[in-house]
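Asker: Listed here are the chains, written in short residue letters.
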Amino acid sequence: MFIINCPYCGERDQTEFSCGGEAHIERPKQPTELSDDQWAEYLFMRKNIKGIQFERWNHIHGCRKWFNVVRDTSNDKIHAVYKMGERPPIK
Amino acid sequence: MKNKYSIFSLIKNALSGHENWQRAWRDPEPKKEYDAIIIGGGGHGLATAYYLAKKHKMTNIAVVEKGWIGGGNTGRNTTIIRSNYLWDASAGLYDHALKIWEGLSQELNYNVMFSQRGVVNLAHNLQDVRDLKRRTHANRLNGIDAVWLNTEEVKKFCPIINTSPSIRYPVLGGTLQRRAGTARHDAVAWGYARGADKMGVDIIQNCEVKGIKRNNDTVEGIETTKGFIKTKKIGVVAAGHSSVIANMAGIRLPLESKPLQALVSEPVKPIIDTVVMSNAVHAYVSQSDKGELVIGAGTDSYVSYTQKGSHNIVEETLRAILELYPIFSRMKMLRQWGGIVDICPDASPIISKTQVKGLYFNCGWGTGGFKATPGSGDLFAHTIANDEPHKLNAAFNLNRFVSGDLVDEHGAAAVAH
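First to last, the sequence lines map onto chains F and G.
Following the numbering used here from start to finish, the first sequence increments by one per residue and tops out at 95.
Following the numbering used here from start to finish, the second sequence increments by one per residue and tops out at 502.
In case anyone wonders, no lab produced these hints; they're calculated from the structure.
Do not take every clue at face value.
Said to hold, decoys possible - A partial selection of chain F residues facing chain G, derived with a Cβ cut-off under 7 angstroms:
id	residue
1	Met5
2	Arg16
3	Thr19
4	Glu37
5	Asp40
6	Asp41
7	Ala44
8	Tyr46
9	Met49
10	Arg50
11	Asn52
12	Thr77
13	Ser78
Think of the CB as a built atom: it goes at the ideal place given N, C-alpha and C, for glycine as much as any other residue.
Could you build the full structure based on these sequences and the hints that come with them?
Answerer: Laid out in C-alpha cells, this is it:
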C-alpha cells in the first residue's frame, strides 16, 4: 500500500489505481512472423525484478489514464512517474 | 532410524528430565562439492532432498537456505490441503500429494498433525454452481472424492455459515472434499529436515545464494555467502524469489511475485471443524488446534517482494468473512502477515528441466503450494535424479508456455490466484 503521484491528478492512494504490469513490452510489429518462442517471450516471460522495476499503472478510479511508474519492488518506494510515450527518467 | 520418536523415547526422556533430547538435524558447514544442491529450505525443497536421498540414493546433497528452514512461505500459509482440481494433469499431481499426506506422519516418524476435516468450496451465483458442479464431476472421474452440497446441506455441514437468501452473495451450494483438510506447516518442514538429515543430507541455513556459475549450457556450482560450492545439479525451489535465482542463471520465467496475506484471530473454543473457502467473495477460514481462526486473504495486484501486503485486501476479506459468519463479528485479529508468492499465467506450477543442463526449477505454485509439498518433493526429486520428468509432472514443464499446452487452473486454484 502506497501513494502514487498521478501525472494528471496528483497524489492519490494506490487503491485508486490498477497495475498493468511490466512496462515497455513492445507489441510485435509483425505478429504473423513470430516464432512460438517469440510469442512465449511476448505473452508470458516477465522480468519480475526484485529492485527497480518499470511498470504501467492506470488511474482506474480517477482520470482513467495510463502512465508509467518506476518502483522499487523490494520496498515499494516510487522513484519516478512519467507519461506514456515518454522515455524513462531513470536508467 | 536413530533417535526414533515413540512412547518409549518420551518416557525415557521424561525420566531424565527432558535434558537428553538430541537435536533433530545437524548444522553443518558446506562441503566443497555435492552431487546435487537444492536452493530453498522450505517444505518443497526439504521434501525434494528427502526423496532424493530416500528413493534415488543421492545422499551427498545439500539444501541451502538464506534464512532458517520453514521461515518463508512454509510457515506463512494457511495450511490447507486438498486435491479437487479440474484438469486431469492437476488431479494427478495434487492427489499424488494427498495420498502421501495420508501416511506422512508414520513415514517421517514425525507428527505433521494431518487432519482430514474436509474442505468446502462455496458457490454464490449460478456460474459458480455450474463451475463447481463440473469440477465435482471431473474430480470423481479422476478418482478424487467430491460431493455436491446444496444450501441446506452446507448449513448442516457447517452450521455457523449464514445461508440466508438475503445476503449480498447468498450461498447456493458447495463442493466438499472429505479427504481434504489441514496439517501443521512447521512440522512438515521439520519432519522432512530431520528425515533428510538422518540420511546424510546437509541442511545449510543462513546461506544465501549470490550467483549461479555456468559453463556455457551446463551448471558448475553456486556462489553463496559461505563461499563457492561445486555441483552438477541444482534444483531451485525458491518460491517468490524464483525469478531472482533465474536471473542469476540467465534464464527467463513466466512468473510474477506478489504479496499474499493471512491473519489469525485470538484463540477461542472449537467453533468450526472444517475448512470453508469461497473464491467469489475472497474468503476462507479454518480453526487451528490452538483455537485461532486462520483466515486467508488475497494477493496484491502488483509485483512486490515486501512480505507485507495492503490493508484494503485484508479489509475486503474480513468484510466477506463477516457476511458469511456473523458470529465472528466481535472476534479480534491477533496477527497479520504476508508472504511472496510466485504466480504462473495459468495458475499451475512448473516442475521442470530448463535449457541449462543440470538446472531444474520447481516454482509457480502461487497461492496454493503448501498442499502439494510431499508430491512436489517426490516428483521434483524424480526429475532431478533421472533428468526426466515423472509422468505426473510431465505436463508441468516450462516449455508449455511455448507450445501453448497450458494447464489453466484459475477456477480451482482458489483465492486471487
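Asker: Confirm or reject each hint.
Answerer: Consistency of the hints with the structure:
1. Met5: holds (4 angstroms)
2. Arg16: Check failed: Cβ of arginine 16(F) comes no nearer than 13 angstroms to chain G, outside 7 angstroms.
3. Thr19: holds (5 angstroms)
4. Glu37: At about 16 angstroms, which exceeds the 7 angstroms cut-off, the nearest Cβ of chain G leaves the hint on glutamate 37(F) violated.
5. Asp40: At 5 angstroms from the nearest chain G Cβ, aspartate 40(F) passes the 7 angstroms test, so the hint holds.
6. Asp41: At about 6 angstroms, which falls below the 7 angstroms cut-off, the nearest Cβ of chain G leaves the hint on aspartate 41(F) intact, so it holds.
7. Ala44: Status holds, d = 4 angstroms.
8. Tyr46: At about 11 angstroms, which exceeds the 7 angstroms cut-off, the nearest Cβ of chain G leaves the hint on tyrosine 46(F) violated.
9. Met49: Holds: closest Cβ of chain G sits about 4 angstroms from methionine 49(F), inside 7 angstroms.
10. Arg50: holds (6 angstroms)
11. Asn52: With Cβ-Cβ at 4 angstroms, under 7 angstroms, it holds.
12. Thr77: holds (5 angstroms)
13. Ser78: Cβ of serine 78(F) sits 5 angstroms from chain G, so the hint holds.
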